[in-house]
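A.B. asks: Okay, here's what each chain looks like letter by letter:
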Amino acid sequence: MIEFLGEVAAWFADPGTWSGRDGIPTRLWEHLWISGISLAGSIAIGLPLGLAIGHTGRGAGAVVAIANVGRAVPSLGLMGLAFLLLLPLGLGVGPLPTIVALIALGIPPIVVNAYVGLREVDRDLVEAARGMGMRGREVLGRVEVPIALPVILAGVRTTAVQIVATATLAAAIGGGTLGQLIYIGFNVGDQVRIFGAALIVAALSIGTELGFAWIQGAAASPGLRGRAYVPVEPAQVGRGGGEATLP
Amino acid sequence: MRIDLEWVLENLDRIGELLLEHVYLTALAVGIGLVISFAFALLIRDRPRWYGPIIGGTGILYAIPSLALFALLTPITGLGTVLTAEIALVSYTLLILTRNIVEGLRAVPGDAIEAAAGMGYTRVQRLLRVELPLAMPIIVAGIRIATVSTVGLVTVTALIGLGGLGYLIVTIGTQRGSFGLTATLTGITLAVGLAALADLALLALQRAFTPWARRRTATQ
Numbered sequence: 001m002i003e004f005l006g007e008v009a010a011w012f013a014d015p016g017t018w019s020g021r022d023g024i025p026t027r028l029w030e031h032l033w034i035s036g037i038s039l040a041g042s043i044a045i046g047l048p049l050g051l052a053i054g055h056t057g058r059g060a061g062a063v064v065a066i067a068n069v070g071r072a073v074p075s076l077g078l079m080g081l082a083f084l085l086l087l088p089l090g091l092g093v094g095p096l097p098t099i100v101a102l103i104a105l106g107i108p109p110i111v112v113n114a115y116v117g118l119r120e121v122d123r124d125l126v127e128a129a130r131g132m133g134m135r136g137r138e139v140l141g142r143v144e145v146p147i148a149l150p151v152i153l154a155g156v157r158t159t160a161v162q163i164v165a166t167a168t169l170a171a172a173i174g175g176g177t178l179g180q181l182i183y184i185g186f187n188v189g190d191q192v193r194i195f196g197a198a199l200i201v202a203a204l205s206i207g208t209e210l211g212f213a214w215i216q217g218a219a220a221s222p223g224l225r226g227r228a229y230v231p232v233e234p235a236q237v238g239r240g241g242g243e244a245t246l247p
Numbered sequence: 001m002r003i004d005l006e007w008v009l010e011n012l013d014r015i016g017e018l019l020l021e022h023v024y025l026t027a028l029a030v031g032i033g034l035v036i037s038f039a040f041a042l043l044i045r046d047r048p049r050w051y052g053p054i055i056g057g058t059g060i061l062y063a064i065p066s067l068a069l070f071a072l073l074t075p076i077t078g079l080g081t082v083l084t085a086e087i088a089l090v091s092y093t094l095l096i097l098t099r100n101i102v103e104g105l106r107a108v109p110g111d112a113i114e115a116a117a118g119m120g121y122t123r124v125q126r127l128l129r130v131e132l133p134l135a136m137p138i139i140v141a142g143i144r145i146a147t148v149s150t151v152g153l154v155t156v157t158a159l160i161g162l163g164g165l166g167y168l169i170v171t172i173g174t175q176r177g178s179f180g181l182t183a184t185l186t187g188i189t190l191a192v193g194l195a196a197l198a199d200l201a202l203l204a205l206q207r208a209f210t211p212w213a214r215r216r217t218a219t220q
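Sequences listed follow chains A and B, in order. Numbering of the first sequence is given in this note's numbering, commencing with residue 1 and proceeding in unit increments. Numbering of the second sequence is given in this note's numbering, commencing with residue 1 and proceeding in unit increments.
I should point out that these hints are in silico values taken from the structure, not numbers from a laboratory. Nothing false has been slipped in among the hints.
Looking from chain A toward chain B, a few residues come up when the C-beta cut is under 7 Å (computed):
#1 Phe4
#2 Arg71
#3 Ala72
#4 Val73
#5 Pro74
#6 Val161
#7 Ala165
#8 Ile194
#9 Ala202
#10 Glu209
#11 Pro231
Ideal placement from N, C-alpha and C gives every residue a C-beta, glycine not left out.
Just chain A, same shape as in the assembly (with noise of 0.2 Å):
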């Protein structure tokens, strides 16, 4: 094992691991940037969505749909399905299928949170806001998100992570990223690079969760900071006794 590890310690230090296609900085940048702009994608389109939902309270429905169908689909498959859907219209090679998949992976944690937190934002707060003359999106921007930031924000950290990991099985469909490193080492073999590939990548989504639970812990009340670090909530829709019983 000691001689094992050593064998690691040297494929990190060889010069040729940090250089070329299949060096760690290129496929490190590739990984993050497909995460980036996945990340980016799902937030534009879940958290309007779960928006809207949570503020008027019409669609709660939907919400659960989204949930349990974003639990179901294997992440795996998604990725399939969008390079053979997309492989026909010439762009099934590339980034493209695999920040298609992403997003539509990303999306459900992050209208789940936005809809529960709005939901569990007091209700005499919102009469009061509205006794005050506040309109519809005034209570929405001054009332309610604030209020929910933390389970909204909960929501975003859930779907980084998600993505950041799942982005390592693009390279089952070609899509490059880290996983492309562990990849190779499957194919050819190789237990000293697959190991090595993998601490970067676990690194990489250890980091990504404690960073947005940092952001997270950053935008709590002051009166809440200072709190040690809880995992990742995965969404919980019906928690407690079975289907659809939404806050």
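Let chain A serve as the given structure and place chain B on it in line with the hints.
C.D. replies: Chain B in isolation, oriented as in the chain A frame:
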């Protein structure tokens, strides 16, 4: 590119085998995860100090991508073995299951626990006859989420040569043959169907064993 139902019919036996393999890998992971999570939850109940380290640790595990975790285990447990796959799959169930079991036990009303103590129940009797039944809805909610996510994650084990239904998505699906789309869609459809079925079955099971919870929601 089109959907080729003949291919599905010709390969029905093979698809059935893959489906069974998928069920087996999922059930094993959730079953073992449940045992470990129960141990964690009971430890946390007796020593609340452990909550942070256990939930934090399982949370970090949860963030590691499945492909990376399979890869990290490979030098120790071998490439493409069921052991490699199961260690990773079990790891991913721990956060959700432990948290829900802890929350379920915490939600048991203090009155019920006192009444049990007053009736002379031992700790073990109290746990089995009072606390677990009352905690059941929250625990089952956790099992349902863990099961549905595990069904999805099992497909990734196709990348290390196992995979159940994932084999249809990966090995066949990404080849550019005429049945690529058919195989992928078959894999996805069966995986989603399996997840939905398992979810409904667990819900039905919970309802059957906790009739009072159903009655309460009906009157509210």
